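Listed below, chain by chain, are the residues.
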Amino acid sequence: MMINLKNIQFQISAKTILKDINLNIQMGKTTVIMGKNGSGKSTLLKLLNQIIKPSSGLFESILSKPVPMLFQKPLMFQNSVNYNYQILQKIKKHQINHFWFEKFDLLSLSNQKMNSLSEGEKQKIFISRIMSFDQSQLFLDEPNQSLDLQSEKLLIDLLINEKNKKTIIITLHDFEIAKKIGDYFIYLENGQILLQDSYENFFKKFCY
Amino acid sequence: MLNTPKVLEAIGISLHVSFVSTLFAFFLSIFFGYLIATRKFFLKKYIVSFLGSLTSIPPVCAGLIVYLIISRSGPLGWMELLYTPLAMIIAQFIIIFPIMITLIINYIEREYPQLKDELISYGASQKDILFLLITNQKGIYLTTLLIGFGRAISEYGAAAIVGGSIDHVTRNMTAMIALETAKGNILIGVILGAILISISLIISFGINYFKNDD
Amino acid sequence: MIKPKIVFLIITLFLSNVFARDYIIVQSTTSTANTGLLDLLSKEFFQDTGIEVRAVAVGTGTALANAKKGDGDVLMVHSKIDEIKFVQDGFGVKRFDLMYNDFVIVGPDNDPAKIKDKKNISEVMKILSNPNYKFISRDDFSGTHKKELSLWYESGISIPIDNSYIKSGSGMASTINIANEMQSYTLTDRGTWIAFQNKNNLDILFEKDKSLFNPYGIIAISPKKFPHVEYEKSNRFIEWLLKGRGNYIISNFTIEDQKLFFTYN
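Chains as they are written, first to last, in the numbering used here: chain A, 1 to 208; chain B, 1 to 214; chain C, 1 to 265.
By construction, these hints were calculated from the structure, which means they are not laboratory data. Don't take every hint at face value.
Partial pick of chain C residues on the chain B-facing surface, computed with a CB cut under 7 Å [to be verified]:
id: 1; residue: ASN34
id: 2; residue: ASP39
id: 3; residue: GLY50
id: 4; residue: ARG54
id: 5; residue: VAL56
id: 6; residue: LYS69
id: 7; residue: GLY70
id: 8; residue: PRO108
id: 9; residue: ASP109
id: 10; residue: GLY169
id: 11; residue: PHE196
id: 12; residue: GLN197
id: 13; residue: ASN198
Restricting the straight-line Cα-Cα distance to at most 25 Å, the calculated cross-link-like pairs of lysine to any residue (SDA-like) are [said to hold, decoys possible]:
id: 14; chain 1: A; residue 1: LYS93; chain 2: B; residue 2: GLN137
id: 15; chain 1: A; residue 1: LYS90; chain 2: B; residue 2: GLN114
id: 16; chain 1: A; residue 1: LYS15; chain 2: B; residue 2: GLN114
id: 17; chain 1: A; residue 1: LYS53; chain 2: B; residue 2: LEU115
id: 18; chain 1: C; residue 1: LYS126; chain 2: C; residue 2: ILE157
id: 19; chain 1: A; residue 1: LYS73; chain 2: B; residue 2: ASP128
id: 20; chain 1: C; residue 1: LYS68; chain 2: B; residue 2: ILE69
id: 21; chain 1: A; residue 1: LYS53; chain 2: B; residue 2: GLN137
id: 22; chain 1: A; residue 1: LYS90; chain 2: B; residue 2: GLN137
id: 23; chain 1: A; residue 1: LYS166; chain 2: A; residue 2: ILE177
id: 24; chain 1: B; residue 1: LYS127; chain 2: A; residue 2: GLN89
id: 25; chain 1: A; residue 1: LYS15; chain 2: B; residue 2: PHE42
id: 26; chain 1: A; residue 1: LYS92; chain 2: B; residue 2: GLN126
id: 27; chain 1: A; residue 1: LYS15; chain 2: B; residue 2: TYR46
id: 28; chain 1: A; residue 1: LYS65; chain 2: B; residue 2: LEU133
id: 29; chain 1: C; residue 1: LYS167; chain 2: B; residue 2: VAL60
id: 30; chain 1: A; residue 1: LYS73; chain 2: B; residue 2: LYS138
id: 31; chain 1: A; residue 1: LYS93; chain 2: B; residue 2: PHE131
Note that this is a predicted model, so its numbers are computed, not measured. All C-beta atoms in this analysis are idealised placements derived from N, C-alpha and C, irrespective of residue type, glycine included.
Taking the hints into account, I'd like the entire structure generated from these sequences.
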């Protein structure tokens, strides 16, 4: 057990975003959170990473503080590609791993301005930014958005490689991709968990 | 026909007064704008609304308010600020500060929540967050400076009332335009007006040039 | 570490104000400013004595009000009745006759009201009160406005209230401009008129009635009432204007070869 949520509720100024959340995140496994737009996926992910605190309920985590997370709309800092990639290094003040940066073939973009890149290229930079830290837990909010098929395939292959060494919590829309990497699935609707189960059982129960 | 030394003097006074008032308002806008935008506190909505309403204060009113305070018969009369450039700076500050702080507050309220979340996940300290907030989007700050400065240098009424349009001392460009027009020298008023707009244009181009060079 | 520096800065800022000011503030009228006389006198007095003159040209009414609040060292306006009262009420030390010129009635050069050949101002005012002819009033308690009001009063005519009597509520230049736009009549001091660059087809149509006499007075603001005034410097300025080189400058001040102000000696 790595993160445990019991009867968690989260609301902002009288609006309830998450309700009756009970779940366990297992260490070393890949958990996929799915659901329609506005179902509360991003909020749940933020809560799991301790970016926000629950309004009520029990929250336990073996992590003492948040880890660098890929948000749904990652932040662009200024205009230089290099600056955006290395922003994390500046804050954390230790060396970063350029593996993902090179794998995504981003070296050629190093000297360009962020504004001149396509959405897909920007997204690859944001992903490499998070992955450059070799952390054991990955919190990823729709990492495949804006990516072309080739880049998406590359992303999935790279994530599959990391699966055994890391705990991954990821939100996705695409069920086919989810099946490729997920061990445990959670389906959210209107802020509540409609269904959660491991791979074998989830897709038996779930009609989509 | 155009008295060049006098015109240069007026330009110098305008630039001096408006630069200082703009810079002063700028730093206070960032300081208080950050505090107001990132914290919740009692009366926050009212203070923000009040600042917003002050953006449309007529220059003459701002001038009158300052005049009443620094006049001999007012509470700060003993400071002998009336008819000095410092009085003009204060009057212009009152006009542009609400505009600038409202812009800053809007920007921070828009950008800060997401910036904060993401940077907290990176383990950034409050200091890091503040630093990045300030250095991140230079564009908004330059725009705020430009809008504040534009309003300050072109206003007539505030600086005129508390400055007295005194030759060599407090007769800035707008006061000179008013005086020359009062003498019937309409053409000179137009020329001075064109010079004023040109100065604003130069500064505007300069700022936009540096903005896009980011 | 920072605190002592800030305190030091603030103290020096104030100290510069606590000791004697090296300038005097003169509350004056727009007519002296519009002609350029005020700027010239300030410049020349500074050259002769090293004392800076900060002249604020706000109009007689405002100058009087400001002076009564202590916002000045010297009062230089053209409304004798108010000036005398000013001294009587203790705000000023003594009123001196500084210089004079006169007021004139200007209007469109075709003179629709035919006031050109009239014998005295009362006749003129009577004609101008006629709703057929437009008259622009300053309506701002300036010296000119007060003179206009006294002319109505002396002529025994009540101030018109119909549409032909237009209140500009603004300075002399703006009022003359309105008179031009509306092809109407107005009262102006000769100094402003001579200096005015935008006359178009307006011209002087009536002048030289003794009621149109326009005396300027100068008064030092009372140090008894306002201890902060630079009384000694003010007196030097007044003397310079009455008996010194200032007097010469005033009487030799011309625009386009015309004298704008006359001195008493």
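Hint check results:
{"no.": "1", "hint": "ASN34", "in the structure": "holds, 5 Å"}
{"no.": "2", "hint": "ASP39", "in the structure": "holds, 5 Å"}
{"no.": "3", "hint": "GLY50", "in the structure": "violated, 14 Å"}
{"no.": "4", "hint": "ARG54", "in the structure": "holds, 5 Å"}
{"no.": "5", "hint": "VAL56", "in the structure": "holds, 4 Å"}
{"no.": "6", "hint": "LYS69", "in the structure": "holds, 4 Å"}
{"no.": "7", "hint": "GLY70", "in the structure": "holds, 3 Å"}
{"no.": "8", "hint": "PRO108", "in the structure": "violated, 17 Å"}
{"no.": "9", "hint": "ASP109", "in the structure": "violated, 17 Å"}
{"no.": "10", "hint": "GLY169", "in the structure": "violated, 14 Å"}
{"no.": "11", "hint": "PHE196", "in the structure": "holds, 4 Å"}
{"no.": "12", "hint": "GLN197", "in the structure": "holds, 4 Å"}
{"no.": "13", "hint": "ASN198", "in the structure": "holds, 4 Å"}
{"no.": "14", "hint": "A:LYS93 <-> B:GLN137", "in the structure": "holds, 22 Å"}
{"no.": "15", "hint": "A:LYS90 <-> B:GLN114", "in the structure": "holds, 19 Å"}
{"no.": "16", "hint": "A:LYS15 <-> B:GLN114", "in the structure": "holds, 19 Å"}
{"no.": "17", "hint": "A:LYS53 <-> B:LEU115", "in the structure": "holds, 17 Å"}
{"no.": "18", "hint": "C:LYS126 <-> C:ILE157", "in the structure": "holds, 7 Å"}
{"no.": "19", "hint": "A:LYS73 <-> B:ASP128", "in the structure": "holds, 20 Å"}
{"no.": "20", "hint": "C:LYS68 <-> B:ILE69", "in the structure": "holds, 16 Å"}
{"no.": "21", "hint": "A:LYS53 <-> B:GLN137", "in the structure": "violated, 29 Å"}
{"no.": "22", "hint": "A:LYS90 <-> B:GLN137", "in the structure": "holds, 17 Å"}
{"no.": "23", "hint": "A:LYS166 <-> A:ILE177", "in the structure": "holds, 18 Å"}
{"no.": "24", "hint": "B:LYS127 <-> A:GLN89", "in the structure": "holds, 16 Å"}
{"no.": "25", "hint": "A:LYS15 <-> B:PHE42", "in the structure": "holds, 21 Å"}
{"no.": "26", "hint": "A:LYS92 <-> B:GLN126", "in the structure": "holds, 14 Å"}
{"no.": "27", "hint": "A:LYS15 <-> B:TYR46", "in the structure": "holds, 23 Å"}
{"no.": "28", "hint": "A:LYS65 <-> B:LEU133", "in the structure": "holds, 22 Å"}
{"no.": "29", "hint": "C:LYS167 <-> B:VAL60", "in the structure": "holds, 21 Å"}
{"no.": "30", "hint": "A:LYS73 <-> B:LYS138", "in the structure": "holds, 20 Å"}
{"no.": "31", "hint": "A:LYS93 <-> B:PHE131", "in the structure": "holds, 16 Å"}
Comparing the model with each earlier hint shows violations of hints 3, 8, 9, 10 and 21; every other hint is respected.
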